[in-house]
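The listed protein sequences correspond, in order, to chains A and B.
What the first sequence shows, in my numbering, is residues 1 to 428, in sequence order.
What the second sequence shows, in my numbering, is residues 1 to 496, in sequence order.
One or more of the hints may lead you astray.
Below are the DSSO-like pairs computed for lysine-lysine, each with C-alpha atoms no more than 27 Å apart in a straight line [what the hints assert, rightly or not]:
| hint | chain 1 | residue 1 | chain 2 | residue 2 |
| --- | --- | --- | --- | --- |
| 1 | B | LYS335 | B | LYS358 |
| 2 | B | LYS308 | B | LYS322 |
| 3 | B | LYS225 | B | LYS308 |
| 4 | A | LYS30 | A | LYS164 |
| 5 | B | LYS312 | B | LYS322 |
| 6 | A | LYS277 | B | LYS225 |
| 7 | B | LYS335 | B | LYS226 |
| 8 | B | LYS227 | A | LYS277 |
| 9 | B | LYS373 | B | LYS358 |
| 10 | B | LYS312 | B | LYS358 |
| 11 | B | LYS226 | A | LYS329 |
| 12 | A | LYS329 | B | LYS225 |
| 13 | B | LYS308 | B | LYS358 |
| 14 | B | LYS358 | A | LYS277 |
| 15 | B | LYS322 | B | LYS335 |
| 16 | A | LYS164 | B | LYS358 |
| 17 | A | LYS277 | B | LYS322 |
| 18 | B | LYS373 | B | LYS225 |
| 19 | B | LYS227 | B | LYS373 |
Derived, one-sided and incomplete: chain B residues facing chain A with beta-carbon distance under 8 Å [to be verified]:
| hint | residue |
| --- | --- |
| 20 | PRO5 |
| 21 | GLY138 |
| 22 | ILE189 |
In case anyone wonders, no lab produced these hints; they're calculated from the structure.
Quick reminder that beta carbons are idealized off the backbone N, C-alpha and C, glycines included.
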Amino acid sequence: MCIAGRCASPTCRVSERDANVEAFRVADAKQAADVISWAAAEERPLEIVGGGSKRGLGRATQVGNMLDVSGLSGISDYEPGELVLTAGAATPIPDIERALDAERQMLAFEPPDLRALLGSEDRTPTLGGVVSCNLGGPRRVTGGAARDHLLGFHAVNGRGELFKSGGKVVKNVTGYDLSKLVCGAYGTLCVLTELSVKVLPRPETSRTILLFGLDDITGLAALMDGMNSAHEYSACAHLPQVVAGRSKVPVVSGAAASVTALRIEGPAPSTEFRAGKLNDLLRGHGRTHLIDDTDSRALWAEIRDVLYFSADRSRPVWRLSVAPAQGHKVASDIARQLDAEYFFDWGGGLLWVAIAADVADAGAQVLRTAVAAHGGGHATLMRAPEGLRASVPVFEPLPDALAALTARVKESFDPRRILNPGRIYAGV
Amino acid sequence: MLLMPDPDQEVLSRRAQIITALQAIVPGEGVITSEVERRAYETDGLTAYRQPPLVVVLPSTTAQVSAVLRYCHDNNVRVVPRGAGTSLSGGALPLEDAVLLGLGKFNRILDIDLANRCAVVQPGVTNLGVTAAVQHEGFYYAPDPSSQIACTIGGNIAENSGGVHCLKYGLTTNNVLGIEMVLVTGEVIRIGGKFVDQAGYDLLGVMTGSEGLLGVITEVTVRLKKKASSARAILLGFPTSEAGGRCVADIIAAGIIPGGMEMMDRPAIHAAEAFVHADYPLDVEALLIVELDGCAPEVDHLMDVIEKLAMKNGAVTSRVSKSEAERELFWAGRKAAFPAVGRLSPDYYCMDGTIPRKTLPQVLSRMREMSDKYGLRVANVFHAGDGNLHPLIMYDANKADELHRAEEFGADILRLCVEVGGVLTGEHGVGVEKRDLMDTMFNEDDLNQQQRLKCAFDPRALLNPGKVFPQLCRCAELGRVHVHRGQVRFPDLPRF
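Pulled out of the complex, with its shape left as it was, chain A reads as follows (with noise of 0.2 Å):
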């Protein structure tokens, strides 16, 4: 399949499925408001892509055309001072990571790099991409998601209209916060075209207390008496011996046994303070062992991109959100019934999880039973092969009034049903 952005001449320009699928690259704002309007008055529904790394989340779904708009490429703004940066929906997180970088600044949402996950390696996930799937890496614990960032854009709404919602300054509360709306809507509500977000100081350095050898009881409740200590924490992860035993960090990989995980960054005198004080907090739960900047940041970058589970990809994986205290209780009841690998983040309320690729129904009735017995959350299938994206229910169903909510939102922004139509709900 031609893959917009990547067709290097125009004579590529069908899809191998379907003879009437054109994709239309557009230079700017009013290019997509152009090809909007016409997609609604058609009907024509458009599957909207940026760099391409994340087509393969979300349900399988059979859209029309493509609107191609990583030429809305570019930071067009950035002061450091002001702890704001403005930029193209689909410039590249690598280019905004540069620019941060530059200054000592940070996204503090940790974007994750799926790449590896979803295997689209020669794809380029962009800042629109990470913003519309509400993507957040270990330090949403402490840090937010991507919703907790975006401070404002301008899109275009499923009539063909340029809007724009929010602003560029940290604290703003004029109108409704739509920012929080696109975030996580999977490009259902409109099409991004530029962004604003917070963006922060990079800390100065980075710290892991690793613990060997507990299980997943122990391993959380360690994790919880760090989280509820005065010690600034930044991440915190369990990682069951079969998983740990996949790091790329000799230390962890080489530990024979499970590997949990607390992260504190700051200031070196902080950080060494800090470190000190949870290594005595923790130490009565068993052998601990302090890692330096290099080795953390390279463990919470596996962790943050679940590497652990990007070399078997006929694996379907899920993403749990739960309560953290229950986090072990939700795994304890997946791996009683299905042959299933998984691991925690923030400490314990997200749970990934790989199952075996005989599983009818990838485990989904498994899986959302065991959430909804332990406090609730929701389950997301993060990676599965078209067909089982289609049959399986992708994200969390949603009871009766909310969903008729949800289809009303849709509706106040896309009444046409055209904007990646199906994409998080059928008719959504």
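Starting from the known structure of chain A, fit chain B onto it as the hints suggest.
Just chain B now, with coordinates in the frame of chain A:
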């Protein structure tokens, strides 16, 4: 003077019938009808506007809220939700033809779950009440609007309240995990819970800051944080606001996000000092209070950095708090700035714009010109960390045109905030106060998109009408899709 929507005479004529219906839903004292008692609800924190409601209803269960809303929806009666009534933008201003729905009886803390670092509370619990319930365990609820002793969590969500610590610890929207809410149709929905994010659209995010226009919240799960092990503050005086502004920029550029960073201008410093005797320097143009919290080695280390940056920027006063009492004294003046200004003038009008920090000197200088033009004094307190400016315009409501002039002055300040790249409101909300200025920030398409979202929640525009938007919502008209089939398909666009 602001115009509110015309009361519906037909609804007014049904008042007795409406009261009877509400009394059937909420028995006993839960329905307030007498003129004297209704007057207690006639205004909120924006006291320049007053209007007794049609009737007040104070339900105590979600089922009652649901039944009240369903009745009002089915019978085309407008509803104004209200928490503690501390809104500074008139968000809870009643309407003559609307039921005032008070959530004051929802005042219980339902569950404290420290293992999950959250609490489930009813919306009428006060902001400080949450912290009070968990502080013995070293936890607290982070957003700290200055009205926190009185304002409620439900109101905080409606307004997306901030406070002096929100640059580091976030606004309400970053500290709420879940809600139970009732739609205007009476349907009860739950969004989020003790976990982060939610399936589907982030409706919790859009409810937060929606000013009572989208639904009524009946239960809230808030995130709790562990209190930092130490905190110290530094008091810095500068000869010019430019120097103070540069120091703030340097602190941020040094990679420091202080727990709080507040600036006051000369009139605010003098007013606060006369009121609280915090030993503020009186010979400076800008006073900066910077608070650092965290472990003691971090606070000490960063305090050194800040002192050096302050010296570099020409600070003439620099005092680091040596005790908890002294730290609190530094804050006492700032926290009392509003009532302190209130002592200098019979009335004051508190504004709330946000500006890019770098424009502060320019904005203050333009504000001084406006002060001369309108013949009204102004004092400024500024959340310097996040650019949120609170000019306090002093006036006397008993003088013929002073309220009018104060409002005009305030509107000019907010237009200036937008002009320099900022926004109309940082934390107080649009309400009725800034409603008619929305078009300085948003064009018709921007506002229409927001109004269409409103239609998805409340197609008959019954919830809190007359707030936030300069025009009443016209859902039928906004919902029409204009189709131009067969138009030329942009021949100049590359296709693949």
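Is LYS373/B within 27 Å of LYS358/B, Cα to Cα? Distance ~25 Å between LYS373/B and LYS358/B Cα, so the pair holds.
Hint validation: GLY138/B versus chain A, beta carbon distance must be below 8 Å. Holds or violated? Since chain A brings a Cβ to about 7 Å from GLY138/B, closer than 8 Å, the hint holds.
Starting from LYS227/B, check that the Cα of LYS373/B is at most 27 Å away, please. violated, 46 Å
What's the verdict on LYS358/B and LYS277/A, does the C-alpha distance respect the 27 Å limit or exceed it? Given pair LYS358/B, LYS277/A is violated - Cα atoms ~39 Å apart, limit 27 Å.
Taking 27 Å as the top limit, are the C-alpha atoms of LYS226/B and LYS329/A close enough? Holds. LYS226/B to LYS329/A sits at ~25 Å (cutoff 27 Å).
What's the verdict on LYS322/B and LYS335/B, does the C-alpha distance respect the 27 Å limit or exceed it? holds, 20 Å
Pair hint outcome, LYS335/B versus LYS226/B [Cα-Cα no greater than 27 Å]: holds, 23 Å
Would the pair LYS373/B and LYS225/B pass a check requiring their Cα atoms to be no farther apart than 27 Å? violated, 47 Å
Are LYS312/B and LYS322/B close enough, with their CA atoms no more than 27 Å apart? holds, 23 Å
Is LYS312/B within 27 Å of LYS358/B, Cα to Cα? holds, 18 Å
Proposed interface contact between PRO5/B and chain A, which counts if any beta carbon pair is under 8 Å: Status violated, d = 19 Å.
Could you grab the alpha-carbon distance between LYS225/B and LYS308/B and see if it respects the 27 Å cut-off? violated, 31 Å
Comparing the model with each earlier hint shows violations of hints 3, 14, 18, 19, 20; every other hint is respected.
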